[in-house]
Amino acid sequence: MTIPFCPPNSLPNKLLLLFVFAIIFSSTARSQESQSSSKLASWIPLQAVPSFTVTSRGDQSAFGFEWEAAPLLYSFGMTRLVSPWYAFVVEPPARFTGSIELVATGQINTAKIGSSYFAGSFQLLGHIPLIERGEHLGLNLGVAQYYYGGSSPVYAVAGISTLFGIVHLNVKHSAQPASWIGSLEIRLF
Amino acid sequence: MIALPEVRHILPRDQRRWLALLLVVSLPLLHSGCSPVMNRFISRMMERINGPIEPVKNKIANPLRPNIGLSVLWVGHATVLIQIHDKVFITDPVFTRTVGMLVRRSVEPGLDPSAITRLDYTLISHIHLDHFSYGSLDLLPKGGKLLIPVGAAGYTPEFGFAETREMKPWEVLEKDGVRITAVPVQHFGGRYGFDISWCPNRGYTGYVIEYKGITVFFAGDTGYHPELFKEIGRRFRIDLALLPIAPVEPREFMQRVHADPKEAVQIFEDVGARIMIPMHYKPFNQGLEPGPAYTQGLLERVIEEKGYRDRIQILDIGEQLVLIP
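Chains as they are written, first to last, in numbering that gives the first Met the number 0: chain A, 0 to 188; chain B, 0 to 324.
To be clear, the hints were calculated from the coordinates, so they are not data collected in a lab.
Fair warning: this is a prediction, and the values are worked out from it, not measured in the lab.
Treat the hints loosely; a few may be bogus.
What follows is a set of in silico ranges between Cβ atoms, one per label pair, in the way DEER data are often shown [unchecked claim]:
{"no.": "1", "chain 1": "A", "residue 1": "L39", "chain 2": "B", "residue 2": "G68", "range": "44 to 52 Å"}
{"no.": "2", "chain 1": "A", "residue 1": "I99", "chain 2": "B", "residue 2": "D175", "range": "35 to 43 Å"}
{"no.": "3", "chain 1": "B", "residue 1": "G142", "chain 2": "A", "residue 2": "L183", "range": "41 to 49 Å"}
C-beta atoms are modelled at their ideal positions from N, C-alpha and C, and glycine is treated no differently.
Chain A with its partners taken away, still in its complex shape (with noise of 0.2 Å):
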C-alpha cells in the first residue's frame, strides 16, 4: 500500500504506514462502547464540515477550504478510565485538555499554489490547556509538512483553540519558500 507519485520510503508512505497501525491499534486499545456505529454515524458527517484557509506565497495567494483527519492522537490530560490512544474518532475534551496528534489535511484552494489547485499536508500538533482545561482556551504548536504540486515545504505552526476545542485559529510560517497560511479550523472529534 502506497501514496501514488510518492516513493515508497518517502515520509508519506511511512505515514500511511502508520495509519494503518494506528488503525489497527486503536480497534484493539479503545473500550468497546466508544466503537459503536451511533458514533460512527454522528462523525462520518461531520467530518464534511471544511476549514477555511488564506495561504501567502510569493506573488502567489489563494483562498483555501481544507479538511483535517487525526489517525493518531495521544491525549495526556484524560482520565485513566479511558485509553489515552485515539485514532480519527476523537472527542473534543481528549484532544484539548492536552494532547500530540498527527493531522492528514486536504485541501482546496481557489488559486494555484505551486502549480496546483489542490494541496495536502502531515502535521504534528500538541495542544496545551490554558483556560478550563483548555475547553475555554488552548495553545496549539508543531510542524507541518504542506505538499503543493512541485515542492513540499515545512512550516512551524502556532496558534489558539477555543469554544471547547472545536475551533482553532493557527498561523503557519515556512521560510524556504517564504509562505504564509492562516486557518480558522473547525474540529468536531
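Position chain B against the provided structure of chain A, taking the given hints into account.
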C-alpha cells in the same frame, strides 16, 4: 481633502470575491438555520450576557459542622453541599461565572469553594456544561471520590481525585458505611450538541446516598417518568429528595427531559420522600419562562394545593438547612 492611505490587500480581487461570497452565504445560514425556538433561546442568552451578578449576603464561611445528622446547603443550580454525620458530598459543582462560556449566572455561588475543606464524594449527574464544570472541579478538594455516569469517562479530564468511577444504573458503591446507588432518570446525553448521539441512552443518572440510616435522593436533571420514580420509591425509604423544577418553557420542548414544578412534586410523591428541596431554577435561567421568581411561584401554588408547606422547603442560594441535628 483627506488622502486615504492605499490599502494593500493580502488577497487579490478574485479571491476577495470568494471570501465575500462565503460570508454572505454563511452568516444568514448561521442565523436562519436555527429554529424559532433556538432563536428565542439565543436572544435570552444575549440579554443576560451583560447583566449584573447579584451577590449573596452572609455567605456561610464554615459549612461543615461537627455533630450533625443531615445538613444541606444550596450553592445554586444543581450544586448542593450535603453533610450526613461525618461524610461530605457535593452534587454537580458549578462555581464559574458562566456555563458554556455564554450562559451567565444571575446570582453568585452561595458558597466560596475554599470553604469546602474536605469532600468524601463528588457526584456528577451528567456531562452537560451546567452540571459538569471542569473549572469548578479544579477548585475542590481532591481527597474523595468522583462519581460519574456510565458513558461520561470520555469527557472526564484527570482532575486528581483519589478515585474516579463510572456508575451504571442501579450500580452500588459501598465503602465505610456509605452506600451510593446510581439510579436511572430521564434526560439526554452529549455535551456540545453535535455529540448528542454519543451517549443516546446513557451518560446521565441520579444518585441515592445512604449513610447511618439517612437516605438522600439527588435527581440531577430529569423529566417526569411514570414508572421510574415509583421504582426508586419501592427500593429506598427516602428522607430527602433534591429535585429539579426548571427549565419550564417552552413546555412541549422541555417536557421529556425537564420536570416543571408540578411534575417535580409528582416525582416527590412517587419516590415517597419525607422532604423535598427544589433546585435547578436559578442562577442560570435556561428556559423561556420569565425567571426564577415565576418558577418558584408555580411551585408555591402546587405546595398550597397539596398542603405540602412543611414538606417542601424552598432554600435561598447560600442557605443551609439542618434537617437532622
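Going through the hints against the structure:
1. A:L39 with B:G68: 44 to 52 Å: holds, 51 Å
2. A:I99 with B:D175: 35 to 43 Å: holds, 40 Å
3. B:G142 with A:L183: 41 to 49 Å: holds, 43 Å
Violation of the numbered hints given earlier is absent; every hint is satisfied by the structure.
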